[in-house]
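Guided by the hints, dock chain B onto chain D, whose structure is given.
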Amino acid sequence: MDSTQTFQVFNRGPSPGARLVFFAVLSLLLMFVDARFRYLESTRSALSVLVSPIQHLATLPGALWHQAGDFLVAQSRLLEANKVLHRQHERDSAQLVQSQSLLQENQQLRNLLAMQQRNQFSVQFAEIVYAEIDVFKRKVLINKGGSARIQAGQVVMDDKGIIGQVTRIYPWLSEVTLITEKNHAVPVQVLRSGLRSIAFGAGNTSQLSLRYMPISADIQKGDVLVTSGIDGLYPPGIPVAVVEKIERDPAYPFANIICSPLGGVDKHRHLLVLSALPALPERPQAPPVAATSGKAGGN
Amino acid sequence: MSYLDQAHPELQRPVSNLLIMASVLGALLLNSLPWEGIWLSLRPDFVAVAMLYWCTHKPLRFGIGLAWAVGILADVSDASLFGQHALSYTVLAFGGVVLSRRIQMFDLREQTTQVFFILLLTYAMYALVHWQVSGQVAWTYLLGCLTSTLLWVPISVLFQSMRQMRVDRE
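Protein chains in written order, with the working numbering: chain D, 7 to 305; chain B, 330 to 499.
If you are wondering where the hints come from, they were derived from the structure by calculation, not from laboratory data. Be a bit skeptical, because a hint or two may be false.
Selected chain B positions facing chain D (Cβ under 7 Å, derived; list incomplete) [to be verified]:
{"no.": "1", "residue": "Leu362"}
{"no.": "2", "residue": "Trp397"}
{"no.": "3", "residue": "Val405"}
{"no.": "4", "residue": "Gly412"}
{"no.": "5", "residue": "Ala415"}
{"no.": "6", "residue": "Thr419"}
{"no.": "7", "residue": "Thr442"}
Taking lysine to any residue and the SDA-like style, the derived pairs with C-alpha atoms no more than 20 Å apart in a straight line are [claimed, not checked]:
{"no.": "8", "chain 1": "D", "residue 1": "Lys188", "chain 2": "B", "residue 2": "Trp468"}
{"no.": "9", "chain 1": "D", "residue 1": "Lys143", "chain 2": "B", "residue 2": "Ala467"}
{"no.": "10", "chain 1": "B", "residue 1": "Lys387", "chain 2": "D", "residue 2": "Ser21"}
{"no.": "11", "chain 1": "D", "residue 1": "Lys143", "chain 2": "B", "residue 2": "Ile367"}
{"no.": "12", "chain 1": "D", "residue 1": "Lys143", "chain 2": "B", "residue 2": "Trp364"}
{"no.": "13", "chain 1": "D", "residue 1": "Lys143", "chain 2": "B", "residue 2": "Ala453"}
From the three backbone atoms N, C-alpha and C, an ideal C-beta is built for every residue, glycine too.
So that you can see chain D by itself, here it is in the shape it has in the complex (with noise of 0.2 Å):
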C-alpha cells in the first residue's frame, strides 16, 4: 500500500466534497430541465401529495381564526351588511335584466350575421390558502385543483376583474399566477377608445404598465382597460385595470403608462375561476413524412 495514502478505518463513503458535487450537480440538472422542458410536472405533483398534508396543517391555525371571526361578529355589522348588500343586489339586478335583454339581441345579431357565438363560460368558486409564497414571486395558492378539475391557462378572477391566471395544478391545490408578476402578459383594449394594447405586470403589488404605446396613442388618465380575447384564452371583456399615469417624453418612442388593476389582487381571499378553455381550432394535419425525411437528410 502507497505509505502516503490516509489509512481508513470505518468506510463512510464517499468524503463531503465529493458529495457536494454530486449533489449540487443534480439540482443544477434538474433546474435546468425543470426551467426548460417542463419535465417534472408529474413527479412535482406527486411529492406533493407528501407535503400538502404539513401545507394543510399550517393553514389550519389562519383558516380557525377566520372562522373564529366569522363566529364572533356583532349582530349589528351582520345586518347593516345585509342592508348594503340588498340593496346592490336590487341594483344589479335590474342592470342584470338589461343585460339579458341585450345578450339576447346580440345573439340574434350575430345569428343574423353569421358571426361565431360568444363562448358562455361557467365558473368555479375557489379560496386562496396562501397569498404569499415566496418574495421572488406573484402568485398564491388556491384550494382547488386537479381534484376538482381545474386546468392550467384557465382564468381567475374577483367581482371586480382579473387577478390572474392557473399555471400549475396540483392534486388539491393550484398555483396562480397574478397579472402583477413580472413579465406576466394580458391582451387589453382601452374601453372607450377600442385601442389595442398588452398589459405586463411590472413585478410589485399593484402595478401594471402598458408597453410599447405611441406617443401620440389615444389613451387617457382614467381609462378602464378590458380583456380584448384576441389571444384565445382570456374571454373578452373583462375589466383588467384603470390607468394612473401617462408620461410622453418627446425623446421616447413609446410612452410610459402605469395602470392600476382593478381586481383586488392582493385583497381577497374568494375567487373565482372561469371554467371553460375557449376551444382552439383543430391541429394541423401532419406534413407528408417523405418531405421532413427529405429535409433531415438534408440538413
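Same frame as chain D, but now just chain B:
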C-alpha cells in the same frame, strides 16, 4: 447565561431518528405558515437552521443527501424551481458537515458567527439562482439570513434540551 457555556458535555448525548425527522418536518411546517409582506422577508428559514444543527452535531446521521431531499420537498412546497432549495441546502449541509468539528469546539456565542457565514452562503446561493433565472436581485430576501442567524441560539438550546430529556427518561 449558564447555558451559553455548557456546549461541550451534551455533545455525546444520544438522539433518536424520530426527533431529527420531527424537527425537520416541524421546521417545514413553520416555513409554510402563511407569512405575508415584510414578515415574509423577515421570516427565518427554520428548515435551514434545524438542518444545520443536525449537520453540525450529528454529521454522520444527517448529511448532504438528506439535506438535498428536504430541499426537494421545500421546492415542491413553495413552488420554486425544482432543485433551487435543494442546491442551497446541499451547500448548507456541506458547510455544516465540514465545519462540524470546529463548531462543536465553540460555545454558542462563537458558533453564531460561524453559522452566519454558512447561512449567508446558503441564501446567496438561492438568490444567485433566482438572479440567473429571472434577472432581478431581491435584496430584502437576504434579511432572512440575519433572522435565521438569530434563531441559532434558541434552536440549539431547544434541541439540546430535547436530547437531554431523552437521557433523563432512560
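Okay, the hints, checked on the actual structure:
no.: 1; hint: Leu362; in the structure: 5 Å, holds
no.: 2; hint: Trp397; in the structure: 4 Å, holds
no.: 3; hint: Val405; in the structure: 4 Å, holds
no.: 4; hint: Gly412; in the structure: 3 Å, holds
no.: 5; hint: Ala415; in the structure: 4 Å, holds
no.: 6; hint: Thr419; in the structure: 4 Å, holds
no.: 7; hint: Thr442; in the structure: 22 Å, violated
no.: 8; hint: D:Lys188 / B:Trp468; in the structure: 16 Å, holds
no.: 9; hint: D:Lys143 / B:Ala467; in the structure: 10 Å, holds
no.: 10; hint: B:Lys387 / D:Ser21; in the structure: 16 Å, holds
no.: 11; hint: D:Lys143 / B:Ile367; in the structure: 14 Å, holds
no.: 12; hint: D:Lys143 / B:Trp364; in the structure: 14 Å, holds
no.: 13; hint: D:Lys143 / B:Ala453; in the structure: 17 Å, holds
Violated hints amount to a single one, hint 7; each of the other numbered hints is respected by the structure.
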